[in-house]
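K.L.:
Spelled out from the first residue to the last, the chains are:
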Amino acid sequence: DTEVTQTPKHLVMGMTNKKSLKCEQHMGHRAMYWYKQKAKKPPELMFVYSYEKLSINESVPSRFSPECPNSSLLNLHLHALQPEDSALYLCASSRTGGLVEAFFGQGTRLTVV
Amino acid sequence: GQQLNQSPQSMFIQEGEDVSMNCTSSSIFNTWLWYKQDPGEGPVLLIALYKAGELTSNGRLTAQFGITRKDSFLNISASIPSDVGIYFCAGQDQTGANNLFFGTGTRLTVIP
Chain G
36 DTEVTQTPKH
46 LVMGMTNKKS
56 LKCEQHMGHR
66 AMYWYKQKAK
76 KPPELMFVYS
86 YEKLSINESV
96 PSRFSPECPN
106 SSLLNLHLHA
116 LQPEDSALYL
126 CASSRTGGLV
136 EAFFGQGTRL
146 TVV
Chain B
179 GQQLNQSPQS
189 MFIQEGEDVS
199 MNCTSSSIFN
209 TWLWYKQDPG
219 EGPVLLIALY
229 KAGELTSNGR
239 LTAQFGITRK
249 DSFLNISASI
259 PSDVGIYFCA
269 GQDQTGANNL
279 FFGTGTRLTV
289 IP
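If you read the protein sequences in the order shown, they are chains G and B.
Numbering follows the working numbering, in which position 84 of the first sequence is assigned residue number 119; successive positions increment by one, without gaps.
Numbering follows the working numbering, in which position 58 of the second sequence is assigned residue number 236; successive positions increment by one, without gaps.
Accuracy of the hints is not assured; some may be wrong.
Said to hold, decoys possible - A short, non-exhaustive set of chain B residues, derived as facing chain G with CB atoms under 7 Å:
{"hint": "1", "residue": "S205"}
{"hint": "2", "residue": "E219"}
{"hint": "3", "residue": "G220"}
{"hint": "4", "residue": "P221"}
{"hint": "5", "residue": "A226"}
{"hint": "6", "residue": "G231"}
{"hint": "7", "residue": "F266"}
{"hint": "8", "residue": "Q270"}
{"hint": "9", "residue": "T273"}
{"hint": "10", "residue": "A275"}
{"hint": "11", "residue": "L278"}
{"hint": "12", "residue": "F280"}
{"hint": "13", "residue": "T282"}
{"hint": "14", "residue": "T287"}
What the hints assert, rightly or not - Some chain B residues judged to face chain G by a derived CB distance under 8 Å, without partners named:
{"hint": "15", "residue": "T202"}
{"hint": "16", "residue": "I206"}
{"hint": "17", "residue": "I245"}
{"hint": "18", "residue": "N253"}
{"hint": "19", "residue": "A256"}
As the list claims (entries may be wrong) - Straight line, CA to CA, 27 Å or less: simulated BS3-like cross-link-like pairs of lysine-lysine:
{"hint": "20", "chain 1": "G", "residue 1": "K73", "chain 2": "B", "residue 2": "K229"}
{"hint": "21", "chain 1": "G", "residue 1": "K76", "chain 2": "B", "residue 2": "K214"}
{"hint": "22", "chain 1": "G", "residue 1": "K57", "chain 2": "B", "residue 2": "K248"}
{"hint": "23", "chain 1": "G", "residue 1": "K75", "chain 2": "B", "residue 2": "K229"}
{"hint": "24", "chain 1": "G", "residue 1": "K44", "chain 2": "B", "residue 2": "K248"}
{"hint": "25", "chain 1": "B", "residue 1": "K214", "chain 2": "G", "residue 2": "K53"}
{"hint": "26", "chain 1": "B", "residue 1": "K248", "chain 2": "G", "residue 2": "K71"}
{"hint": "27", "chain 1": "G", "residue 1": "K75", "chain 2": "B", "residue 2": "K214"}
Bear in mind the hints are in silico, worked out from the structure with no lab data behind them.
Glycine included, C-beta positions come from ideal geometry on N, C-alpha and C.
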């Protein structure tokens with residue numbers, strides 16, 4: 036099973052809303068990632084969690100707040116977003132220790148209005 | 179983040195033709211991965227490469243980890259219509275952290 040499940044698939048939110056994106060995997064992977072992808076662009080790394088600890092934050096604004104409550108779950112809390120934050124948000128997971136065959140979820144299409 | 183440049187940016191080919199694309203970085207990478215992404219979907223892993231000079235195949239796909247560790251190549255033989263999509267290289271640099279940076283992508287169109 037190489038499945039990474041993301042919910043919701045689509046999300047529309049206002050600039051004053053608070054919402055959360057969720058990601059789940061049951062492959063025993065201890066590294067989990069959030070990426071942001073704008074149309075016709077490659078995925079951009081946002082955050083990496085390794086053994087449930089934040090190991091990489093690619094200078095992401097504080098209106099994006101990641102959380103890794105356990106080894107299978109990864110959340111991305113959203114607050115006071117801007118329209119330019121509208122994008123496809125992708126979650127991925129992989130083993131650690133240099134074996135980064137990362138498997139991706141289907142993504143959450145976020146629209147900020 | 180790291181900059182990975184892919185070429186060509188886009189390709190239009192006839193069904194049955196072979197395809198080659200490459201990816202280069204300014205720094206040394208420990209791992210190269212190749213993904214395919216369909217519209218509105220997440221990237222799907224095609225091939226993983228872990229050693230300089232390594233050549234790995236997955237069906238009609240063959241990828242190589244460049245000797246300099248700063249580049250990688252993907253070949254698709256006998257293309258079919260379902261090969262249409264965007265192909266991304268991705269790499270992990272030498273920091274050893276679980277980072278994974280993506281190339282700029284190659285958009286492939288296969289004409290039946």
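K.L.:
It remains to establish, for every hint, whether it holds in the given structure.
P.N.:
Hints and how they fare:
1. S205: Not OK, violated: B/S205 not within 7 Å of chain G, min 15 Å.
2. E219: Interface hint status for B/E219: holds (6 Å vs cutoff 7 Å).
3. G220: holds, 4 Å
4. P221: Since the shortest Cβ distance to chain G is 5 Å, the answer is holds.
5. A226: holds, 5 Å
6. G231: Status violated, d = 18 Å.
7. F266: holds, 6 Å
8. Q270: Where the cut-off is 7 Å and the nearest Cβ of chain G is about 5 Å from B/Q270, the hint holds.
9. T273: The hint is violated - B/T273 has no Cβ within 7 Å of chain G, the shortest such distance being about 9 Å.
10. A275: holds, 6 Å
11. L278: With a minimum Cβ separation of about 5 Å from chain G (threshold 7 Å), the hint on B/L278 holds.
12. F280: It holds, given that the least Cβ distance between B/F280 and chain G is near 4 Å, below 7 Å.
13. T282: This hint holds: B/T282 lies near chain G, its Cβ roughly 6 Å from the closest one there, short of 7 Å.
14. T287: With Cβ-Cβ at 14 Å, over 7 Å, it is violated.
15. T202: It is violated, given that the least Cβ distance between B/T202 and chain G is near 14 Å, above 8 Å.
16. I206: Hint on B/I206: violated, closest Cβ of chain G at ~14 Å, above 8 Å.
17. I245: violated, 20 Å
18. N253: violated, 20 Å
19. A256: violated, 26 Å
20. G/K73 <-> B/K229: violated, 31 Å
21. G/K76 <-> B/K214: The given pair, whose Cα atoms are some 13 Å apart, holds under the 27 Å limit.
22. G/K57 <-> B/K248: violated, 35 Å
23. G/K75 <-> B/K229: violated, 30 Å
24. G/K44 <-> B/K248: violated, 36 Å
25. B/K214 <-> G/K53: violated, 32 Å
26. B/K248 <-> G/K71: Satisfied, since the Cα-Cα distance of roughly 25 Å is no more than 27 Å.
27. G/K75 <-> B/K214: With a Cα-Cα distance of about 13 Å, the restraint between G/K75 and B/K214 holds, given a limit of 27 Å.
Figure legend: structure checked against the earlier numbered hints; hints not met, in rising order: 1, 6, 9, 14, 15, 16, 17, 18, 19, 20, 22, 23, 24 and 25.
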